[in-house]
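> One letter stands for each residue in the lines below.
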Amino acid sequence: MDFGPYLILASLEGAVTAAVLALTAVGLSLVFGVMRVVNVAHGEFFMLGAVLAWWVTSMIGGHPALGFGVALVLVPVLVGLTAAVADVTILKRINYDPERTIIATIGILYIIQQLTLMTYGPDARPVTPPFNTRLAIPWFEFGENGLQMYWPWGLSTTSYKLGVIGAAAAVLVGVWLLMVRTKIGLLMRATQLDREMALAFGIPVERVYAIVFGIGAGLAAMAAVLIVPIQQAHYLMGGDPLLLSFIVVIIGGLGSLPGTVVAAVLIGLSDGIISVFFSPTLAKILATLLVALVLVFRPQGLFGVKDA
Amino acid sequence: MTKDIKTPVGTSRRNVLKTIAGGAAASASIPLWARFAQAQTSEPIRIGFQVHRTGIGAAYGRWYDRTTMAAVKAINDAGGINGRPVEIIAEDDGTDPKRGAEVIEKFATQHKADVGFGTLFSHVVIGSAPRAGELKLPYFVVSEGHHVASGMLNRYTLQPGITDVKSQVQAMAPYVAGNLGKKVTMIFPDFAFGHDHRDYFTAAIEAQGGEVLAHIAIPPTETSFTKYFPKIPRDTEVIYHVMVGPAVLTFVKEMGEFFGPSHPAIFGFIDSLEAVDLGSPGLEFLENTYFWEGNPRYAQPDQSAFDKNYRAAIGVDNNGASISDPSDVSTYAHMFGCWETLYTIKDGMEAAGYQGPADRGKLIEAVEAITDMPHSNEHPQGAKLFNGKTHQVFGPQYISQVKGGRLDVVHTTSIEDGQYPDEVDYTKQAL
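Just so you know, the protein sequences line up as chains A and B, in that order. Under my numbering, residue 329 is the last one in the first sequence; the count climbs by one each step, no gaps. Under my numbering, residue 418 is the last one in the second sequence; the count climbs by one each step, no gaps.
Note that these hints are calculated values from the structure, not bench results. Where is the CB? At the ideal position from N, CA and C, for every residue including glycine. A few of these clues could be false.
Stated by the list, open to error - Pair ranges (Cβ atoms, derived):
no.: 1; chain 1: B; residue 1: E403; chain 2: A; residue 2: G128; range: 55 to 61 Å
no.: 2; chain 1: A; residue 1: T149; chain 2: B; residue 2: S311; range: 21 to 27 Å
no.: 3; chain 1: A; residue 1: D144; chain 2: B; residue 2: Q406; range: 54 to 60 Å
no.: 4; chain 1: A; residue 1: V98; chain 2: B; residue 2: D289; range: 53 to 59 Å
no.: 5; chain 1: A; residue 1: G25; chain 2: B; residue 2: Q406; range: 45 to 51 Å
Take the sequences, apply the hints, and build the full model.
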């Protein structure tokens, strides 16, 4: 394939990865920023989203868009509620102690993964996309008659992939509005700034924590519902998003939402482009190397603020 | 020494009922063991079944399990092996080589299994076989990998139920070069099984005057594939694909989306769509493309009585799906290997007069002595020829074309098409 069309294809693939990654990582970043909890089970909430999306769509017959629409609304709420329950019953009981929450979320990871294995089974199952048209992309080159348009072999995307990018962008704008324009956003930011002071002002910090943990998991589930018609729902699918989310959150700056989004786009696009031109393994190596460099030279992350 | 004397229980209604129920349960179980009582020992023959319940091989594991259970039921209904019932001890290996070796160890030392059996994924076989050799546990794999016949493993590892990749691709290459094209791009999973495809198909197509333009290796745990396809050279005439793992449906779907309406000829190993419904949305582009099948998934017009019997025993319908759930598609091209291997174990044990673990060496020698396996209820996929020196069986292969959303066999290769010179003589190794 020629360089130009090749690069376009790689960027499109990278953009889909980036969109889904941004949603997942923002969830992780939110939980860390507000609650100071390193949620190792985040990837499993992602997986749970995909599996529940399969379950909801297979329960609802009719046009694929109907089941998918219901899943897109219902599944993040279900996963969010599950996470909120986990917060109230587990994380709250150990007083959000940083070391113990890591161990506890590892436990949650295994519980969710093994329960899924026991009920949903070890198979990968597909979800039909609500719409999916192959869109061939034209390319231009200088030929004998000047600028010519042609349709390179393989240079295409699908309407659904573009839809995923659009939907992810819309949700991210929604999260931003929630944080800066609503009361609950204000409470979250206040809790993030100073938990003690927020308590003193009568903010129900524990309830805020449960809500934040639920929203964080819900965002991961939303990302999974969007990606599941492209990939398939499988009980081990939570590993990669977790690793990439941590990479993104560390590069972007722990707790910084704009930093997370920028880092997600950076990692997603570079992952797409490097995997296409070289190999997916090299893409992972470079991303991990970037994390190491950030930790050495700018430990607070690209957009993070140094602790006073 | 004192002995506890049980206080006699009063004859209450409840106790009487209990006794009657117990007696009924006991008498119900009598015919089962009584059937095998004529043997010197009624101890069951224990077959350790290394099954991919979880991990990337889970879909195969589910069907290998069903096939194995159906074969064991058929064997036991017909009187067992040497008059003894067969018992399957299944252990999940997580499709993981390290766990595989541990499972082999459990079979030999904890479960006191007579033999180990049933592994599919080549990396698990390669990880487990050395331990089986050390423990002198006969290890019957159903894996397709060339590692048995290549001499990489040991005298205790045998593959009598399914042909190996080298034999399969050698039989396929003339058809591909003659009917589809000579410039081939190969897409295969990046582990031992895929490397067998890479090495032996490349050699086989070159022997037919063709060439492989590009080798595209994909990790079997990969979940998105579009990024690999731009590496397909423009002058490719035939795409040769073989994929395994949980995301095979995504793989084939994304290949269709990549090419759109104008794709080169496509020849796939059905591995890329094992346990996947051919009618899944996004697979329409496969119409008229070709697949290798180890055993035809769809019942063919010339279906043998043996295939009919075998399908019914496992509970598979004429479309290769479960009778109880038509959306549960089987791994029909591979799982016959479990059925046929169990019958070979039976033949070997009967020829060796197998009594117990002390006779494991005799069992190996008896299986090595087997040559012809006629097309029968025991070998429903077709007649086979076993090579005792290389521990590998040879049999027919099927090439099918997708027509109207089902697979129709268009060519059947002979046993000779898949034969190659011996690379090892395991019989020279000590027992």
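> Now tell me, hint by hint, if it's right for this structure.
Hints and how they fare:
Separation of E403 (chain B) from G128 (chain A) is about 58 Å and conforms to the stated range, judged on CB atoms against 55 to 61 Å. In this structure, T149 (chain A) and S311 (chain B) meet the distance hint of 21 to 27 Å, their C-beta atoms being roughly 23 Å apart. Distance hint for D144 (chain A) and Q406 (chain B): a CB-CB separation of about 36 Å, inconsistent with the stated range 54 to 60 Å. Roughly 55 Å separates the CB atoms of V98 (chain A) and D289 (chain B), a value that falls within the hinted 53 to 59 Å.
The beta-carbon spacing between G25 (chain A) and Q406 (chain B), approximately 49 Å, falls within the hinted interval of 45 to 51 Å.
Hint violations for this structure: number 3 only, all remaining hints satisfied.
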